[in-house]
Amino acid sequence: GAGVSQSPRYKVAKRGQDVALRCDPISGHVSLFWYQQALGQGPEFLTYFQNEAQLDKSGLPSDRFFAERPEGSVSTLKIQRTQQEDSAVYLCASSSRVGRAMDEQFFGPGTRLTVL
Amino acid sequence: AQKVTQAQTEISVVEKEDVTLDCVYETRDTTYYLFWYKQPPSGELVFLIRRNSFDEQNEISGRYSWNFQKSTSSFNFTITASQVVDSAVYFCALDPNQAGTALIFGKGTTLSVSS
Numbered sequence: 076g077a078g079v080s081q082s083p084r085y086k087v088a089k090r091g092q093d094v095a096l097r098c099d100p101i102s103g104h105v106s107l108f109w110y111q112q113a114l115g116q117g118p119e120f121l122t123y124f125q126n127e128a129q130l131d132k133s134g135l136p137s138d139r140f141f142a143e144r145p146e147g148s149v150s151t152l153k154i155q156r157t158q159q160e161d162s163a164v165y166l167c168a169s170s171s172r173v174g175r176a177m178d179e180q181f182f183g184p185g186t187r188l189t190v191l
Numbered sequence: 036a037q038k039v040t041q042a043q044t045e046i047s048v049v050e051k052e053d054v055t056l057d058c059v060y061e062t063r064d065t066t067y068y069l070f071w072y073k074q075p076p077s078g079e080l081v082f083l084i085r086r087n088s089f090d091e092q093n094e095i096s097g098r099y100s101w102n103f104q105k106s107t108s109s110f111n112f113t114i115t116a117s118q119v120v121d122s123a124v125y126f127c128a129l130d131p132n133q134a135g136t137a138l139i140f141g142k143g144t145t146l147s148v149s150s
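Chains as they are written, first to last, in this note's numbering: chain A, 76 to 191; chain B, 36 to 150.
What the hints contain is simulated information worked out from the structure, not anything from laboratory work.
Heads up, some of the hints might be wrong.
[Claimed, not checked] Pairs of lysine to aspartate or glutamate, EDC-like flavour, derived with a Cα cap of 16 Å:
(1) B:Lys-105 with B:Asp-53
(2) B:Lys-38 with A:Asp-138
(3) B:Lys-142 with A:Glu-119
(4) A:Lys-132 with A:Glu-143
(5) B:Lys-142 with B:Asp-64
(6) B:Lys-73 with A:Glu-179
(7) A:Lys-153 with A:Asp-93
(8) A:Lys-153 with A:Asp-138
(9) A:Lys-89 with A:Glu-160
[To be verified] Chain B side only, calculated, beta carbon under 7 Å to chain A, not exhaustive:
(10) Gly-78
(11) Leu-80
(12) Phe-82
(13) Phe-126
(14) Ala-137
[Said to hold, decoys possible] Simulated coverage check for chain A against chain B, where a stretch passes if three residues somewhere in it have a Cβ under 8 Å from a Cβ of chain B:
(15) 87-98
(16) 147-160
Since this is a predicted model, take the numbers as computed values, not measurements.
Every residue gets a Cβ at the ideal spot worked out from N, C-alpha and C, and that includes glycine.
Working from the sequences, and respecting the hints, build out all of it.
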């Protein structure tokens, strides 16, 4: 497929478990964004990569959240010691342009994380 | 402050009715971009339109139209002759023209179109 893919689509974790969420952006897209979408809310920015460089992580809510994109393509968002407030849909988006959000971002279907 | 407000949480209409989704934004920047995205039940955000702050011309695309008014900081979205397939959550978003930031989304408006 040509779109952004994310896996798993659904994840249930017990409080305190670590989870890893994967994003496969559109091939060749330089920019990659992670967003967190709580129930009934709009997506909120977590972090931004330009190729393999994490240029902005100001949206990560705590040091339990960690993201990487080591080869400038696939990205992984890791949440350590999950808490119930981490329950949300995690969206990944990619864009062919660098640095700015002004260009169209292509979104994946998201991973719905439920922490029990 | 950079902020997007979608005051309508939920709207219900019957097929073929016209419906307008409101969006009001706040930004200090003189150059910025506004977006509308559609989120169907499948979860993916689907891009609908991007508008820059210097272009206040209204735009029409099929049954969709957008009314951008800088004077009132509004970027409203109208669906003409709504259809059941239009049922989704619609998000208005702002790119405040700051390097390294991403989109600022409103809380969304859930549109339900019944037959």
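Of the hints given before, which are not true for this structure? 1, 2, 5, 15 and 16
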